[in-house]
Amino acid sequence: MRRYDEEIDVRRGLVAGQEAPAQFLWRGRLWVVRDIIAHWVETGAWWDQPGVGALFGAADEGEPEAGGARTRCADLLDERELWRVEAIRARADTGVFDVSFGWALGQWRLVCCVD
Amino acid sequence: MDPFVHLHVASGYSLKYGASSPQQLVERAVDAGMDTLALTDRDGVYGAVRFAKACMRGGIRPVLGVDLALEPSGLTGLTGRTGPKGGAAPARAGSSRSSPARGGSYRDAAGGVPPRVTLLAGSKAGWAALCRLVSATHLRGERGTPVATFDLIREHCASLGSHHDLVVLLGAASELGQAVALRRDDLAREVLAHWRPVADSADVVVEVMSHRVCGHGPGSSPHAARMAGVAAAAGFEVVLSNAVRYADRSDAPTIDILDSVRRLVPLDLRHLDRVNAEGFMKSGKEMADIADEICRFAGLEQREADRMLARTRAVADRCAVDPRADLGLGEVHLPELDITSGGAPAGLGSRDLAAMGASPGDVVLRDRCEAAIGRLYPADQHQVASSRLADELGVIGTLGYASYFLTVADVVDLIRDVGARVAARGSGAGSVVNYLLGISGVDPIRYGLVMERFLSPLRQALPDIDIDVESARRTEIYERILDRYSGTRCACVSMMDTYRVRHAIRDVGAALGMPPGEIDSIAKAFPHIRAKDARVALRELPELRASGLGEERLDVLFQLVERLDGLPRHIAVHPCGVLLSDATLLDRTPVEASFLGFPMSQFDKDDVEDLGLLKLDVLGIRMQSAMAHAVDEVRRVDGLEIDIDDEGQAPRDDPATFALIQSAKTLGCFQIESPGQRELVGKFAPETFDDIIIDISLFRPGPVKSDMVNPFLRARQGWSEPEYLHPDLVPALAQTCGVVVFHEQVIEMIATLTGCTLAEADEARRALGDREGKSSTKIWFFPRVLARGYPIAVAQRCWEVLEAFASFGFCKAHAAAFALPTYQSAWLKTHHPAAFLAGVLTHDPGMYPKRLILDDARQFGIAVLPLDVNASDDVYRVEKVGVYDEPPPEVLGRAPRSAPPPGLPDGRAYGIRLSLADVSGISDAEVARIMAARPFHSLTDLWQRARPSRPVAERLVLAGGLDTIYGIGSPVPVRRRGTVTRRDLLLQVSELDRWSRATDRAVRASSPRRARSVGRAAPVSAGAAPLDPHELAAVQSKAPLPVEPVTAVQLTLDLDDIPALTEASGLPEMSGAERVRAELEILGLDVSSHVVDFYAPMLDSLRITWARDLLRRRSRSELLVAGVKVATQTPPIRSGRRVVFLTLDDGTGPVDATFFEDAQGPYAATVFHSWLLVVRGELRRTGPKGVSLRATGCWELPALYTIWQQGGVAGVHDAMSAVPRGFGADSGESALHAAAESHSSRPVMAKPPTFGSGTTPVEESEAGPTAGGMGRRRVLVHPSGFKQSPYADIRPAGDDPKTVPRRLWHRSPGSAG
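Quick mapping for you: the protein sequence lines, in order, are chains A and B. So for the first sequence, my numbering puts the first residue at 118; every next one is plus one. So for the second sequence, my numbering puts the first residue at 56; every next one is plus one.
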């Protein structure tokens, strides 16, 4: 399994009868989702965010503009919806990917490539 | 409408587990259009009543249940521990752990997380069975970790026959869920087969849920799907839930905090149950999506998802309860008559009773009361008393409360039987029935008290009688009551301790992993306010604003703190409530064991009132214990037998007692010792018992706020004529010179003016408490008054008075009940000052630290006798001493005892011996051994026979406990050669300790170690007879075992090798200052001299005014006072501002200073966080004997002392006149540290920042824009129009002044290292 954390472009659609990422563009290549293997929701370790770290006076130097030290509790959730999908490229190359959608920022990311 | 029903919902009453209150959950369900909602809290039904009431308000149906841990059946081969993130941890051998408790999963339960099962009550019978099951679960095993067994559940289900009144939900956390998580369908089928017998008498349903987590463990859709599949194959029904823990998605971080607080670990992914925020109250639509997803994974059709939802609905419909019919809200259940009074009166058949229209209880009650009239009233009053009694009995009979009164009387008799002091308080003193039954000691006819304030045919609520008993014997009394009524009829009321700001800061800070020191100082900087006001307080309070806590970087902390607001964190016994009911008590409330092993209801005092259970308040009053101790001491020392309840011995018109009260030397007396009360009694000068009643009523927030005190005092002193609104009102108002003080007067005024009955008038008075009731009462009031011929102007003025005072007056019966112990304590202080103060010192009833009481004793000429292992007991004892001290005290370096001022009691013939119990760290067992083994003739003797621990032995030496044995007297540093000093003794303690260790090792090596077998033997249930909950709860007691009485004392074995004190080492004796320091650290008392004395040179050069000279100073003069802080209060005052009252003790008496808002900005932090203070202020004369200081500045005494040593008087004056430095510029780390260490000597803020006016709607315009450093000020406005500061009556920031004197010394000078 290789881990990534890269922004991707996604087109949503119906895959096997449920709404999911249907196609995504990763490193300039288009992958078409053939199947959904798993689908789950998770939240991150909000206590590791810079805004919380500032409590200890640790991270507030130098990067006040990065979203500001002020963290709202809504941000604390940082929920991500994840799909493990089997995708195919150019009718030959297949792969299993974890694709995430962060609700706070509305951003799609490719998290890992399973095989 | 949304047909979905959440069947598995945890509220905040699942302690440190759920994040939302029942109210919030109900609101969310109502918003979503749901018509039913369940509450299934963990381990109990603590929130059930509140939830049911919230449902009634919200118009939805409640379903009640509980989520219980279950002993593993062993079927799954697991002792538990399936991780929340999917997959099961490897099975662990099911052995109990022997290592001490740690954090993390170890905190959940020994051996991992046990499986859990949810039960829902399907009917009234089901609810009763559920309550009994919860009780049984709590009363078996270990207190605090209730675990049910399969057999318990089966028995309780079976007790209902085949009515299927309970529903058992097997969810993801059950053994079924565990088996499925292992992907062992065979095990899952076995688990279901195991439950099948239960299904004969209850509905066993499989509950699936998916939080859409990753993997295939509990909470994931594949797991839910597999559960549904197994259940369908085995023929069990399937319902859908969401295992709700919070109302809104955004509350999820709160859950993380609670998880880590519960497990005592910092936040980290591996410690938390939650991996996403899906466990909130989802809508029916969202739940349908989940159902679809589960069915898709299970390979089932869409139809199955719909059926799952329909079955969920069906279960909810069956289990929805009616709060009134099923829960019994509003019913009344009193103990059976044959328990309270041994059955119906002899000679009366039931037919006779029916003919008389009276219940047996009524007859018993009447007989008892009538018998008492002849005893308590002189013959000429029999007529009056009888007719009053007949009236009251009529009302009691109508309401059916006879057995209530008999029960209370029975309890009071029980208490008297054990020889404990008892007194009634509250409005109950207004009832002649209570007087005749011996419940109350105040004669309502003599003091003009009316019954309607207490009991009225128009009010359905049970009347409230509170009983005061000796605090030291409260548990003994509880035992007696429980023995009498047994654990099936009697239980203690519980109390939910909820998060307030300080707790919340500590818990959130710890979860986030902040440094403990920082957490502590942030927490202590706050007054004891609600957690949700944390940021508001940061903006409002000057000392907090200046502290730098408002910085943005701390914002996350305070956001999280505010989310914890009001969540229950801990359940404890209510300090006074006892539930009494008939034998069906346990059908209506589950009980669990309290810390001390009493059975305790899971409902709090409001809940039990809603449930109609008789709650008797049995309050432990320290003053009653103090008075009992005083009486005992008088008997022991003087051989006098006194009964302070007997008016023959302690007449209620004793001039000497009133002289003492008028002198305001009332420290230690009940109710009249606070600074404000001493000021008031000084002005008021009470002369009769009635005056004390008035005095107590006047010193209440209401009268103070509405300025009733001054008109009364003017009329009372004869400076102005009493004004009466109308001649008809004179009878009601004459006792208080025309001012309305009592509720009773309001009732009588309304009755007189409108011509209604007293009962109706009381209803009108109650209605005046809120805005709505006020307007309706006004409409009712005016026509009636005018119709009776009163002029409109009179009606108008009367209305204004009623409107203003109704909600604030004080109940006279209550005041009369209070006045009795007040008078009794003053009487004891007058006639037996030493014994009384010994009682006060032993039981510590008041608001002041003990060192101030000790100082008060000195003022009365009482000798303070030092600690002495051969004389000190576990309590403060009175000893007779020569009036003029032998030998003359100067020789011993002690101050001579001067006679008290004329007119005050002279206590010079007595001394108070300090108690061993005040030695810090001494255990009850050590005290008992010392008392049993004495006299001692040497330190070695003490060491061997009393076996104190080394630190205790050292403290005894340092505090002078062995001085008399070795003839160590005055602290003169240069002494005759070879004399033993305390320092020599200290050396010997360490030698003895070394010797003991060596010999112990030798002994231990040669003999096998004795097994430590503590813990109480569990009672074995004989046959099938269930044990009384009282006994079961007692087994779970966590209280320390009682100290076994020491009878045989080990004799000294004079072994050759024991180190004996051979020769003095020549070390110098401890100086006077060192002695005081040791006394403060060890006893918390400055015995040999006053702390402030060491600053005397500086204080004299500054021309400080001493407390005893204050009365001689001119009014309005500016002066300085100094002393030790003994109390700070922020009482409510009329203007709605915060006022800080500070009391200092300078060794000559107490000094009271008042800080108004203008002085708080720069100086509040010093006031709250420092202990030795110098205060500058303007003297105000408040009465013939009363003075008070209006403070204009405040400084730390030790800091000024340092300045004085370097710069002399001029330097100190400079320091005090300097405008305190501003604080705003250097924020950041230093600001926080300053706040953290706000014990700092300098005032922390100079110029109060200016705020634009009109920023808040309630801001007072006349206060001007700055308001003396109080920022945007909020004011609480009461319905009657009075304003109050939100910080009034709240314990202020910093430590409690009562507890801290041990630390007084740390900054003091003169400690020659």
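Incorrect hints may appear among the rest.
As the list claims (entries may be wrong) - Here are the in silico distance ranges between beta carbons for each label pair:
no., chain 1, residue 1, chain 2, residue 2, range
1, B, Asp-575, A, Ile-205, 53 to 63 Å
2, A, Ala-221, B, Leu-319, 24 to 34 Å
3, B, Leu-324, A, Ala-221, 14 to 24 Å
These are computed hints drawn from the structure, not numbers from a lab. Quick caveat: nothing in here was measured; it's all calculated off a predicted structure. Every residue gets a Cβ at the ideal spot worked out from N, C-alpha and C, and that includes glycine.
Structure-based check of all given hints:
no.	hint	verdict
1	B:Asp-575 / A:Ile-205: 53 to 63 Å	holds, 60 Å
2	A:Ala-221 / B:Leu-319: 24 to 34 Å	holds, 30 Å
3	B:Leu-324 / A:Ala-221: 14 to 24 Å	holds, 18 Å
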